[in-house]
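J.: With the sequences and hints as input, model every part of the structure.
Using my numbering, read the sequence shown as starting at 1 and increasing by one per residue.
Careful, some of the hints might be misleading.
[To be verified] With a straight-line cut-off of 30 Å between C-alpha atoms, the simulated BS3-like cross-links for lysine-lysine are:
{"#": "1", "residue 1": "152", "residue 2": "4"}
{"#": "2", "residue 1": "175", "residue 2": "113"}
{"#": "3", "residue 1": "280", "residue 2": "340"}
{"#": "4", "residue 1": "340", "residue 2": "259"}
{"#": "5", "residue 1": "42", "residue 2": "120"}
{"#": "6", "residue 1": "288", "residue 2": "340"}
{"#": "7", "residue 1": "152", "residue 2": "393"}
{"#": "8", "residue 1": "236", "residue 2": "262"}
{"#": "9", "residue 1": "154", "residue 2": "210"}
{"#": "10", "residue 1": "139", "residue 2": "111"}
{"#": "11", "residue 1": "50", "residue 2": "20"}
{"#": "12", "residue 1": "306", "residue 2": "280"}
{"#": "13", "residue 1": "111", "residue 2": "152"}
{"#": "14", "residue 1": "237", "residue 2": "306"}
{"#": "15", "residue 1": "27", "residue 2": "42"}
{"#": "16", "residue 1": "154", "residue 2": "42"}
{"#": "17", "residue 1": "262", "residue 2": "283"}
{"#": "18", "residue 1": "14", "residue 2": "175"}
{"#": "19", "residue 1": "374", "residue 2": "113"}
{"#": "20", "residue 1": "113", "residue 2": "337"}
{"#": "21", "residue 1": "236", "residue 2": "152"}
{"#": "22", "residue 1": "237", "residue 2": "283"}
{"#": "23", "residue 1": "152", "residue 2": "239"}
{"#": "24", "residue 1": "14", "residue 2": "182"}
{"#": "25", "residue 1": "309", "residue 2": "262"}
{"#": "26", "residue 1": "210", "residue 2": "288"}
{"#": "27", "residue 1": "239", "residue 2": "262"}
{"#": "28", "residue 1": "42", "residue 2": "4"}
{"#": "29", "residue 1": "236", "residue 2": "306"}
{"#": "30", "residue 1": "338", "residue 2": "120"}
{"#": "31", "residue 1": "210", "residue 2": "239"}
{"#": "32", "residue 1": "239", "residue 2": "309"}
{"#": "33", "residue 1": "306", "residue 2": "337"}
{"#": "34", "residue 1": "120", "residue 2": "27"}
{"#": "35", "residue 1": "237", "residue 2": "262"}
{"#": "36", "residue 1": "152", "residue 2": "20"}
{"#": "37", "residue 1": "218", "residue 2": "262"}
{"#": "38", "residue 1": "390", "residue 2": "262"}
{"#": "39", "residue 1": "120", "residue 2": "337"}
For the record, the hints were derived by calculation from the structure and aren't laboratory data.
Because the structure is a prediction, the values reported are computed rather than measured.
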Amino acid sequence: MEYKIKLETIKNSKNQDTIKATFYRKKSRAWAAAPSGTSAGKHEAVSMPKPPHSLIKNANRHLHTLEGIESQQEFDSTLRRIDGTNNFSNLGASVSIALSLAYAKFSSAIKNKELFQTSKRPRIPWQLGLLIAGGTHGKQSIDIQEILALPKTKDPIDSIQANQQLYAITQQAIKKRVPGYKPRLDLEGGYLVNTTNENALEIAQEAIDKYMENHNTKIHLGVDVAASELWNERTKKYKYAHQSLTTIEQLQYIHDLQKQHKLYYIEDPFNEEDFTTHAKLTKSIGAKAMVCGDDLTTTNTERLKKAIKAKSINAIIIKPNQIGTVTQAHEAVELAKKHKITPVMSHRSGETRDPIIAQLCVAWDIPIIKISNKGPTREAKLNELNHIAKKIK
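T.: Pasting the structure below:
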């Protein structure tokens, strides 16, 4: 397969430089760009080991080796061989994932197809949307990172509209609870509210109840605790604004939140090394709630194997840039499915207008996609899902 490759920098949604890769041949062209995280897991591939321009200069010396490759698997294994490490600390995962994603797009484009069409039975995922944000994503707000909503609409594509309406109702609910509230948003468009976790969950539930008055749709409430950001390795405690909790106390706290607020989705409730306490929670509530690993697993099959052995989780976040190649991300999806662990495709806080995760989500038959409701980089993914839905019908 003949093609040329160009690497360049573009700005992401955090106004930071990131890597864009373009593949082209005659009239065929495809591009992809690397996202980045704010609360990144320490086991993720190294996104930017050097400044972007240095990474591009280094990668350009190897582009000839990457040209003319016939399969995604071969392309990605060549990337790993060029890098020579197990975490892309030489090339940089921002370079590797931009190249890997662009190759995937280009391979479909030259066949006049879209990526989602590699699935024999393409299905649209439900959108897991963001309502209220905090943690490392926003100052003067709640301790936990995200309060989320999962509308289980009859047709999954309708979950996008449901989330848009919920998002608007949530602002009204906040103003009702917090007089004089002036909307503040985090990087992903979640509302920042200077209140407690419990009060914020009540606000979100009020918005859900208000929506359900006029719609026959079940809306599930969820949280991303991002507990590694709360964990203090020295004191061995989780530090909240008004309390510090031991691991046992954190387990009880998450139990109480789940019971009181009927949480259906709980992401990263404990620190990224604690497979055991994740397992205790999953054993206790796994039949009625999703216990989802993100920092715990980092889209890494070796980390996932540990989680499977410990029975730590029943759901896993999939972020291709965490591992560095399309092939490795897909391997994590397939391993999760094999062990009845639900994969959840996810955006990052530092996003671009590249909508490829929507295409991959459908191509890999992932039932849930985590995307915020606000901002052009998020809307690009939601618009892509609407585009795919029309093609499927």
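J.: Evaluate each hint against the coordinates.
T.: Verification of the supplied hints:
no., hint, result
1, 152 / 4, "43 Å, violated"
2, 175 / 113, "47 Å, violated"
3, 280 / 340, "18 Å, holds"
4, 340 / 259, "24 Å, holds"
5, 42 / 120, "36 Å, violated"
6, 288 / 340, "15 Å, holds"
7, 152 / 393, "19 Å, holds"
8, 236 / 262, "28 Å, holds"
9, 154 / 210, "19 Å, holds"
10, 139 / 111, "47 Å, violated"
11, 50 / 20, "16 Å, holds"
12, 306 / 280, "15 Å, holds"
13, 111 / 152, "34 Å, violated"
14, 237 / 306, "23 Å, holds"
15, 27 / 42, "41 Å, violated"
16, 154 / 42, "38 Å, violated"
17, 262 / 283, "17 Å, holds"
18, 14 / 175, "27 Å, holds"
19, 374 / 113, "29 Å, holds"
20, 113 / 337, "26 Å, holds"
21, 236 / 152, "38 Å, violated"
22, 237 / 283, "22 Å, holds"
23, 152 / 239, "33 Å, violated"
24, 14 / 182, "22 Å, holds"
25, 309 / 262, "27 Å, holds"
26, 210 / 288, "23 Å, holds"
27, 239 / 262, "24 Å, holds"
28, 42 / 4, "34 Å, violated"
29, 236 / 306, "22 Å, holds"
30, 338 / 120, "18 Å, holds"
31, 210 / 239, "33 Å, violated"
32, 239 / 309, "29 Å, holds"
33, 306 / 337, "15 Å, holds"
34, 120 / 27, "28 Å, holds"
35, 237 / 262, "25 Å, holds"
36, 152 / 20, "35 Å, violated"
37, 218 / 262, "12 Å, holds"
38, 390 / 262, "34 Å, violated"
39, 120 / 337, "17 Å, holds"
Taken one by one, the earlier hints fail for this structure at numbers 1, 2, 5, 10, 13, 15, 16, 21, 23, 28, 31, 36, 38, listed in ascending order.
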